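Peer 1: Listed below are the residues making up each chain.
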Amino acid sequence: MNFLRKSLDNLKKPFGKGQKFEKFAPAINAFDTFLFVPNHTTKKGAHIRDAVDLKRTMVTVIIALLPALIYGIYNTGYQYYIQTAAPFTFLDAFIHGAWKIVPMIIVSYVVGLSIEFGFAVYRGHEVNEGYLVTGLLIPMIMPVDIPLWMVGISTAFAVLVAKEAFGGTGMNILNPALTARAFAFFAYPTYMSGNKVWVSEAGNVDAISGETILGTLAAGGEVNYSMMEMFQGSIPGSIAETSTLFVAVGALILILTGVGSWRIITGGILGAAVMGLLFNLWGANELMSFSWMNHLVVGGFAFGIVFMATDPVSAAQTTKGKWIYGFLVGIFCIMIRVFNPAYPEGVMLAILLMNVFAPTIDHYVVNGNIKKRKKRWAAATQELKTA
Amino acid sequence: MEVIKRIRPHRGANLNIKGKAEKRLENTTSATTFALNPDDFFGTIPKLICKEGAQVEAGTPIFFSKKNPDIKFVSPVSGTITAIERGPKRKIERICISASKTQKSVSHSVQGWEKIDREQLKALLMESGNWPFIHQRPYGIIANPNDTPKAIFVNTVKTNPLSEDLRFVLKDDQKEFQLGIDLLNKLVDQPIFLGTDKVQMGYFQTVEGVQYYTVEGPHPAGNLSLHIQNITPLNMGERVWTVNAEDVANLGRFISTGTFSPQRTIAVSGNAVDNPVYFKTLIGSALAPFLEKAGLNQEYVRIINGDVLTGAQADLSGYLGFYNNLVSVIPEGNNYRMFGWLPFKDNNILSLSNTSFSRLFNRKGFDVDTNLNGEERALVVTGEMEKIFPLEIYPMQLIKACMIEDIEKMEALGIYEVVPEDFGLVEYANTSKLEAQEIIRQGIELMINEVG
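Quick note, the sequences are listed as chains A and B, same order. Counting along the first sequence from 1, when you hit position 29 you're at 29 in the numbering used here, and nothing is skipped either side. Counting along the second sequence from 1, when you hit position 142 you're at 142 in the numbering used here, and nothing is skipped either side.
A portion of the hints provided could be inaccurate.
To be verified - Cross-link-like lysine-lysine pairs, in silico, DSS-like; alpha carbons within 27 angstroms at most:
#1 A:Lys385 - B:Lys186
#2 A:Lys371 - B:Lys150
#3 A:Lys43 - B:Lys89
#4 A:Lys43 - B:Lys387
#5 B:Lys387 - A:Lys374
#6 B:Lys122 - B:Lys175
#7 A:Lys375 - B:Lys387
#8 A:Lys371 - B:Lys104
#9 B:Lys18 - A:Lys372
#10 A:Lys375 - B:Lys400
#11 A:Lys374 - A:Lys385
#12 A:Lys375 - B:Lys409
#13 A:Lys44 - B:Lys20
#14 A:Lys44 - B:Lys91
#15 A:Lys43 - B:Lys18
#16 B:Lys150 - A:Lys385
#17 B:Lys5 - A:Lys375
#18 B:Lys18 - A:Lys374
#19 A:Lys372 - B:Lys89
#20 B:Lys400 - A:Lys371
#21 A:Lys372 - B:Lys400
#22 A:Lys320 - B:Lys409
#23 A:Lys44 - B:Lys409
#24 A:Lys43 - B:Lys345
#25 B:Lys89 - A:Lys44
#26 B:Lys387 - A:Lys371
#27 A:Lys385 - B:Lys409
#28 A:Lys372 - B:Lys387
#29 B:Lys345 - A:Lys12
#30 A:Lys320 - B:Lys400
#31 A:Lys6 - B:Lys345
#32 B:Lys89 - B:Lys66
#33 A:Lys44 - B:Lys387
#34 B:Lys409 - A:Lys374
Since the hints were derived computationally from the structure, they do not count as laboratory data. Every value quoted in this text rests on a predicted model; they were computed, and no experiment measured them.
Given only the sequences and the hints, what does the whole structure look like? Please build it.
Peer 2: See below:
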């Protein structure tokens, strides 16, 4: 370890203060701090600090994403092999999935991190860790057969427009990963919806029926999957969103470590359940009469509410606001699903919509506190006058 | 005694750090050098009276406040002013005094002080150097003698890490403490609130002329901002005065003897100290004799005037601050940790976050150091401040308002009800390593300059 540390220090010399490559220090620091937590000590204020930092927080989210990702990789292969009716083993399915998905992850990280590093050097701040999560989320919510260049362009759009244009990590209004998906969704609709995109290589095999459940419902069709299959996730869909089971494992990790807000998740589930139940009572079409419990386990709802809606930057920030925000995400998700057959999955748009309104929610929650204080001031001056 | 309020917040956290001072008063050779540091008096611009080389007695004014020239700051000992250390822009950083063998004190006439009128009493306290013991809220600056506060708060409960036990500190000063309270009652007609522990009140429960409230719960339960907000919340334009517990006794001693009493009982504590114990000394004393007596077990240490969350940095040749009863000594942490960002790694580091098992594994206490445990980042995580912040204030929103210097918003969000120390725990626990106290301090400075 000492040797490594010394060689790193040597390597960093030209990037030091007043040296030739000082400008590029954020780039080399990003790698250095990845290996070692730096030796910085407290200068002002509290002399001791918590062991937690942003890197640890973000890595916790990545760990929470892994179960869903690994299952997603397997499911990609599984969907492919059962549609082609070829015999296969678990490993075959996994390898097929990995062969499809690993390049997407690499593209997303390379494109996104290059832009992040560029901006860090340009603005002279350290590279923030937020992109570690975003970069993994982007491929996880794409259809498997989307061309890699589209992944690259969507990523670039998301990082540039949704994040850096607003000032970088911590300042963005919209969730960058969802922005990437929304960009792809509206720019390349044929690659992002329909019944040929959800199963690997579906375009090349004629007999394939790779419709998502919500797509089938929107078209008025019959659903041939059991609730158990929907819960476990052996259904077609975007790469890592199909398995409610493994998303729930991730949710558990997020909630137990306190990294994800349990209030948003609970609020979202409540909102979706209430809305689903109301539509069940109405029951005018296939989607409306689709059981509210099934609504919770199909499509990207679970993945969205656990990993996207809980993004602390774009979500509501106050405790009360988180409840409201989560609840409304749930309500709008089901509402968009049911009312708008062109967008059979509503969770993406529901979260983006609520991202925009999250500051408004916070504004009113914080205003409650302000009003209380001003009322107290007014009462005090009144007392003074009468006294 | 009748308890008017029980304060027991749920939000907060106690930091269990090794090295709490043993309740034992250790004797040591008294220090020969002393110093006053004008930075201890937040919001005060010092104007020197004495020059370098001047002979002073204990109680001789050394400088006064530019804003209110009547408020004098006096020497704790008699001796010679050896140095006036200045920093950038000739800012006075330290006034060093070397104590002489024989100690003489400036004597004031305190005969019949119960009878003299309020203005004369205030003038006496200001002239004798006792006024700086009285602070005001909002802002946590030295009180303006022309104000009429709506209450005076004295707190005897400390919850900050390694905190001193004020019952022990004041155990022999019952008479002086009561006298100090009597004096404060003379200064104002408004009530004096005395905060005590819920169970162990010591002699505080027999103090007369006060209204009692009790405090229990995790840090920052012992912070005055919380007590004030719970008992008589500060509205715009209102003032509350606060006096530290030992300074109440110092005021009492002054009013009975007529000489300025700079007594300080300090707890030298922290995990870099061999034998953390209490010492009796004077304000501004050199720290070296006490550190030597208590013993340091580390080569590179940080010496802190105050607690590890809010204290001011000193060094081995440094001096005791004006107000603190606690000196914390912890090792410097300028070391690297490989892959230290992995969750659940390095569980020996105290963490309030659930991404570490630290609180599960180290029930006996933690060895802490000054490592930042990361780097400063943009504010991303939300909700973590609120979890440990018991005041009815939105901490992150207030910090952000201070950052953008939006005075109206700062007012509305409650800047009058906080002082920087309230954000000590927030600063400790913050994922983004935000310098919360400094931001709030600058916000308060802005308020003082713009609103007053």
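Peer 1: Could you run down the list of hints and mark each one as holding or not?
Peer 2: Verification of the supplied hints:
Annotation: proposed proximity of A:Lys385 to B:Lys186 holds, straight-line Cα distance about 26 angstroms (limit 27 angstroms). With a C-alpha separation of about 23 angstroms, the suggested pairing of A:Lys371 with B:Lys150 holds against the 27 angstroms cut-off. Straight-line distance between C-alpha atoms of A:Lys43 and B:Lys89 comes to about 21 angstroms, which keeps the hinted pair within the 27 angstroms bound. Using a Cα cut-off of 27 angstroms, the hinted pair A:Lys43 and B:Lys387 holds, with the two alpha carbons roughly 25 angstroms apart.
Distance restraint check for B:Lys387 and A:Lys374: the Cα-Cα separation of roughly 24 angstroms lies within the 27 angstroms cut-off, and the hinted pair is therefore satisfied. Restraint check for B:Lys122 and B:Lys175: the C-alpha separation of about 22 angstroms stays at or below 27 angstroms, so the hint holds. The hinted pair formed by A:Lys375 and B:Lys387 meets the criterion: a straight-line CA distance of about 26 angstroms does not exceed 27 angstroms. A C-alpha spacing of about 57 angstroms is found between A:Lys371 and B:Lys104, which places the hinted pair above 27 angstroms, so the restraint is violated.
The hinted pair formed by B:Lys18 and A:Lys372 fails the criterion: a straight-line CA distance of about 41 angstroms is larger than 27 angstroms. Annotation: proposed proximity of A:Lys375 to B:Lys400 holds, straight-line Cα distance about 23 angstroms (limit 27 angstroms). The hinted pair formed by A:Lys374 and A:Lys385 meets the criterion: a straight-line CA distance of about 17 angstroms does not exceed 27 angstroms. Among the hinted pairs, A:Lys375 with B:Lys409 is consistent with the structure: their alpha-carbon atoms are about 15 angstroms apart, no more than 27 angstroms.
Of the pairs offered as hints, the one joining A:Lys44 and B:Lys20 holds, with about 23 angstroms between alpha carbons and a cut-off of 27 angstroms not exceeded. Between A:Lys44 and B:Lys91 the alpha-carbon distance is near 19 angstroms, which keeps this suggested pair within the 27 angstroms criterion. Between A:Lys43 and B:Lys18, the direct Cα distance comes to roughly 22 angstroms. Compliance with the 27 angstroms bound is thereby established for this hinted pair. Simply put, B:Lys150 and A:Lys385 have alpha-carbon atoms about 15 angstroms apart, close enough for the 27 angstroms limit, and the pair holds.
Distance check on the hinted pair: B:Lys5 and A:Lys375 sit about 23 angstroms apart at the alpha-carbon level, within 27 angstroms; holds. The hinted pair formed by B:Lys18 and A:Lys374 fails the criterion: a straight-line CA distance of about 43 angstroms is larger than 27 angstroms. With a C-alpha separation of about 44 angstroms, the suggested pair A:Lys372 and B:Lys89 falls outside the 27 angstroms cut-off, and the hint is violated. Our distance criterion of 27 angstroms between C-alpha atoms is met by B:Lys400 and A:Lys371, whose separation comes to about 19 angstroms.
Of the supplied pair hints, the one linking A:Lys372 and B:Lys400 holds, its CA atoms being roughly 20 angstroms apart against a limit of 27 angstroms. Distance check on the hinted pair: A:Lys320 and B:Lys409 sit about 20 angstroms apart at the alpha-carbon level, within 27 angstroms; holds. For the hint pairing A:Lys44 with B:Lys409, the CA-to-CA distance comes to about 25 angstroms; that is within 27 angstroms, so the pair holds. Proposed proximity of A:Lys43 and B:Lys345 is supported: the alpha carbons are some 25 angstroms apart, at most 27 angstroms.
Between the alpha carbons of B:Lys89 and A:Lys44 the distance comes to roughly 21 angstroms, so the proposed pair stays at or under 27 angstroms and holds. About 22 angstroms separates the Cα atoms of B:Lys387 and A:Lys371, which keeps this hinted pair within 27 angstroms; it holds. Taking the CA atoms of A:Lys385 and B:Lys409, the gap is near 26 angstroms; set against the 27 angstroms cutoff, the hint holds. With a C-alpha separation of about 21 angstroms, the suggested pairing of A:Lys372 with B:Lys387 holds against the 27 angstroms cut-off.
A hinted pair counts as satisfied when its Cα atoms are at most 27 angstroms apart, and B:Lys345 with A:Lys12 qualifies at roughly 26 angstroms. With a CA separation close to 19 angstroms, the supplied pair A:Lys320 and B:Lys400 stays within the 27 angstroms bound. The hinted pair formed by A:Lys6 and B:Lys345 meets the criterion: a straight-line CA distance of about 23 angstroms does not exceed 27 angstroms. Distance hint between B:Lys89 and B:Lys66 is fulfilled; the C-alpha atoms sit about 17 angstroms from each other, no more than 27 angstroms.
Distance hint between A:Lys44 and B:Lys387 is fulfilled; the C-alpha atoms sit about 23 angstroms from each other, no more than 27 angstroms. For the hint linking B:Lys409 to A:Lys374, the alpha-carbon distance of about 12 angstroms falls within 27 angstroms, and the restraint holds.
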